[in-house]
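Student: With the hints as constraints, model all of the structure from the sequences given.
Using our numbering, you'd call the opening residue of the sequence shown number 19 and step up by one each time.
One thing to keep in mind: the hints can contain errors.
[To be verified] Simulated pairs of lysine-lysine, BS3-like, Cα-Cα distance not exceeding 27 angstroms: (1) Lys37 to Lys20; (2) Lys37 to Lys89; (3) Lys72 to Lys90; (4) Lys32 to Lys84.
[Claimed, not checked] Restraint ranges, calculated between C-beta atoms of paired labels, are given here: (5) Met19 to Ala86: 32 to 40 angstroms; (6) Glu70 to Phe30: 14 to 22 angstroms; (7) Val46 to Gln80: 15 to 23 angstroms; (8) Ile53 to Glu79: 13 to 21 angstroms; (9) Tyr97 to Met35: 18 to 26 angstroms.
Simulated from the structure, these hints should not be mistaken for laboratory data. In this text, a Cβ means the ideal position worked out from N, Cα and C, and glycines have one as well.
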Amino acid sequence: MKRLLFIVYFFFQKMIMYKCLPDFLGVVAMADAHIEYGSAIETVVYSCGHKERKRIIGNAEQRKDKLAFRKKGLCVDCYMKQLTLPPQ
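Tutor: Here it is in structure tokens:
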């Protein structure tokens, strides 16, 4: 019952946050990971300066490490722009 509740919760959360229909298997995996490890929604500030709210899986120490790792990289939009720029 607990698993089903989290599946429904994460399904609707992804629909609201990303304004699209999420893939069901991804939602089930997220619910299972949340039950086993815990999670929280954190604000990620990337090295390019953009911010994004993401659900980070893990306990407080693991989430802190994952946030520090993400701060070193670019957001998805800047990364895709970097890939599509012609060489100079």
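Student: Work down the list of hints and note, for each, if the structure agrees.
Tutor: Going through the hints against the structure:
1. A threshold of 27 angstroms between alpha carbons decides the hint, and for Lys37 with Lys20 the separation of about 25 angstroms falls inside it, so the pair holds.
2. Taking the CA atoms of Lys37 and Lys89, the gap is about 25 angstroms. The hint holds against a cut of 27 angstroms.
3. At roughly 16 angstroms between alpha-carbon atoms, Lys72 and Lys90 fall within 27 angstroms of each other, so this suggested pair holds.
4. Straight-line distance between C-alpha atoms of Lys32 and Lys84 comes to about 20 angstroms, which keeps the hinted pair within the 27 angstroms bound.
5. For Met19 and Ala86, the Cβ-Cβ distance of about 36 angstroms falls inside the hinted range of 32 to 40 angstroms, so the restraint holds.
6. The supplied range of 14 to 22 angstroms is met by Glu70 and Phe30, whose beta-carbon atoms lie about 19 angstroms from each other.
7. For the hinted restraint 15 to 23 angstroms between Val46 and Gln80, the CB-CB distance of approximately 21 angstroms keeps it satisfied.
8. In this structure the hint that Ile53 and Glu79 lie 13 to 21 angstroms apart at CB holds, the actual value being about 19 angstroms.
9. Distance hint for Tyr97 and Met35: a CB-CB separation of about 20 angstroms, consistent with the stated range 18 to 26 angstroms.
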